Structures are given as structure tokens and as C-alpha cells.
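Student: Chains as they are written, first to last, in our numbering: chain A, 1 to 247; chain B, 1001 to 1122.
In short, the hints are calculated from the structure, not lab data.
Computed from a predicted model, the values in this text were never measured in an experiment.
Be careful, since some hints might not be right.
[Claimed, not checked] Taking beta-carbon pairs under 7 Å as the criterion, some of the chain A residues facing chain B (in silico): (1) 128; (2) 129; (3) 132.
Note that the Cβ used here is the ideal one computed from N, Cα and C, for glycine as well.
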Amino acid sequence: MRLCFSGANALVLGGSADLGLELAGLLIQEKIFPLLTFRNKAGEEKIHENLKSYQGLYQVAYCDFGKKETIESLFEKVNHRLDYMIDIAHGDFERLVCSADSSDVDAYFSENISARAEIIQRTGRAMLCNQKGRMIFISSAAVEKPNPGQGFYAASKLAAEALYRNVGLEFRDRGITAIILRPGYIDAGRGRRYLQSRQLLSSDGVEKNKILTTKEMAETILFFLSDSAAGFTTSAITIGEHLKKIE
Amino acid sequence: MNIFERVKKIVADILDIEEQKILSWTYLIRELGAESIDLLELAVSLNAGFQIEIRDDDIFLRKLRRYLEEAKEKGLDQHSYLAGQYPFLSNSRIGEILKELKGGPVLTIEDLVSYISYYQNK
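My request is simple: use the sequences and hints to build the entire structure.
Tutor: Below, the structure written as C-alpha cells:
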């Protein structure tokens, strides 16, 4: 099946993540110009290293959810040219609920909920100018399958999901849609570290064929960005061989 | 095209109504039926059209009643208090607003024009 895309510009929050990079390659191949965010020098270098064969076909921007001014400068760069926004960025904070330092909790929620709300707001306003747009939030199956130590992570993901659901609902008559993808285990980044730490990459607990690859996940996102998937809005879709579900 | 003409065109496009129905003293919410999502779209369009920062709460007088309550609680003159919060509104317009409160949302097209004119020249 050949996918069609009515947009030309994408913002990838968390662009230096393995998934962001895989997705960027696919977007470029579809003639969509991605703006990839990074939050440190290493992330910026990783983007350029991985996308060196696509020079001039993508752009990068510094964005740290903990620094409000970087959100502002990011959207100056976006300058209303925004058809797609894919939100992969999310801070890691693995603590038992009753053992976390309250100031760390405040900072974590501030970055991952309040800052994200501002980004969604700015994205929505930019898309409203063009009367079209698609937002995809990469949530996590952790929101429906609790694990010790992932309470804050799941709580912030659920809060972000609520924001995306609402923006999809509020803008549905203005050509702007939003969906939420909840992948299960992905063999990349935080997922890979988690699986390795629990030796699940072999055959114990989670079988290898039930772990999503970065490529599979990026292709899934690409499909949901395509015109073929335009009918999906405000939905949360759980992805993973062992976690199939649509809400 | 002056500011009023441009605002009128933007409002007419968003609310899908004829421009002739829009006068400077027309109430945006009370008469034209603008809803929250229309106001949001209007703010975005005014921002893009006039290249000025639009603060939704200010231009749409969203906190008007809260400011009036605050003035009352602090024992301040309501007219002066509103003038401080909304520097783009003239004294005569604030006077009108205070008289019109019982009729519903007081926001008019002219209030939008005043906001744009004030911040464009600032």
C-alpha cells in the first residue's frame, strides 16, 4: 500500500531518540521535512551522525522541557509551518511512589506535564493557522499495566494523554486531529535498558517476537500520520503482540 | 484597509457571517454567538494578521468580572482598577462596560480594534 501525506512539515519532539531518528528517515523519504529536537550536545551530534546522508533535508532545534525559553525559541523556528507533530520526548524517573523526593516529583511533573501542555498549546495554535494538522503522542503500555517504580512515569503519560485527547476533541472541526499510541516493549532507549536489566531480551518472561523493533514502531507512526489514518482521532491505541487494544 | 476593516473580515470568515452584519459596537459573544473555539481561532488569526502578541485573557476581557471582584475586595474604585488592567480601553469605554454588565458578555469588535491599535503602537 502506498501511503499519502497531505502535509510537508513535521516536528519530532525527542528527535535524538532511536525511534525519532528512525522516524525521521522515513519522513524524509516521504518528502516530509522534519524538525528534530535535542536536549544536549550528544543528542544533536547523534542526530547529525545518523542522518548524515540526508543533509539539508532536516533541521534540528534545542528544546529542554525544563527550560521554558527553549520552547519559545523552538516555536519561533516552527513559525506556523507545522503539519505534523510527533511527541516522543519523555523524562525517565523510576522510583517507588513512596520513596521519591517531592522536589524531584515536582520537577518531573513540571517538565513532563506543564511544559508539554505549553508545547501542545503552541502546536495547536500553529496548526490552527493552517486549519490542518496531526499530533501523535507516544505514550506507553505502562499506563495500563502497572509496574513497580513506574508510577510517576505512568501518571505523567496519562496526564499527557488527557491533554492530547482533549486537543483532538476541541479541534476536530478545525481539521486538527490527535491520537495516542501506547507501545509495549520496544527494543530501543528506555525499553531496551529495561529489558536488558531484567534479561527479557532472551526468552524469559517476554519472548523476543513480542518485542517491537524501532523500525516497526516508526513505520506504525508513519502509517498513523498518513492520510489513510485520518479517521483516527482522540483514540488511544495499544501496540504490541501481547497488548492489542484500541480505546 | 484600516484595523477595523481587517478585524471585521477575519471575524466574518471565522464565524461564517456577512461582513455587513459586523459593526464596531457589535457584541462578539452576545450578538454574534462566538464560542471559545472561535475566540481561540480569532486570537491565532489576529496574531498572524497583525504580527503582535495576542494575550487571549486580555483581548477577550476574560478576567473582567474577576477584576471587578478584586477591586471590590480591595476597596478600590472599579473604573480605575479596570483601566489599570486594560490599558488599551478608553475611559469612556470602561464606563460603558460597567453599565452594560448585566446584559451578558460585553466584548465588542471595537474592543479588539483598541487592543490591536494600542499594542501595535507600543
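Student: Against this structure, judge whether each hint is valid.
Tutor: Structure-based check of each hint:
Among the interface hints, the one on residue 128 of chain A holds; its C-beta lies about 5 Å from the nearest C-beta in chain B, closer than the 7 Å criterion. With its C-beta approaching chain B no nearer than about 5 Å, residue 129 of chain A sits inside the 7 Å limit, and its interface hint holds. A distance limit of 7 Å between C-beta atoms decides the matter here; for residue 132 of chain A the minimum to chain B is near 13 Å, and the interface restraint is violated.
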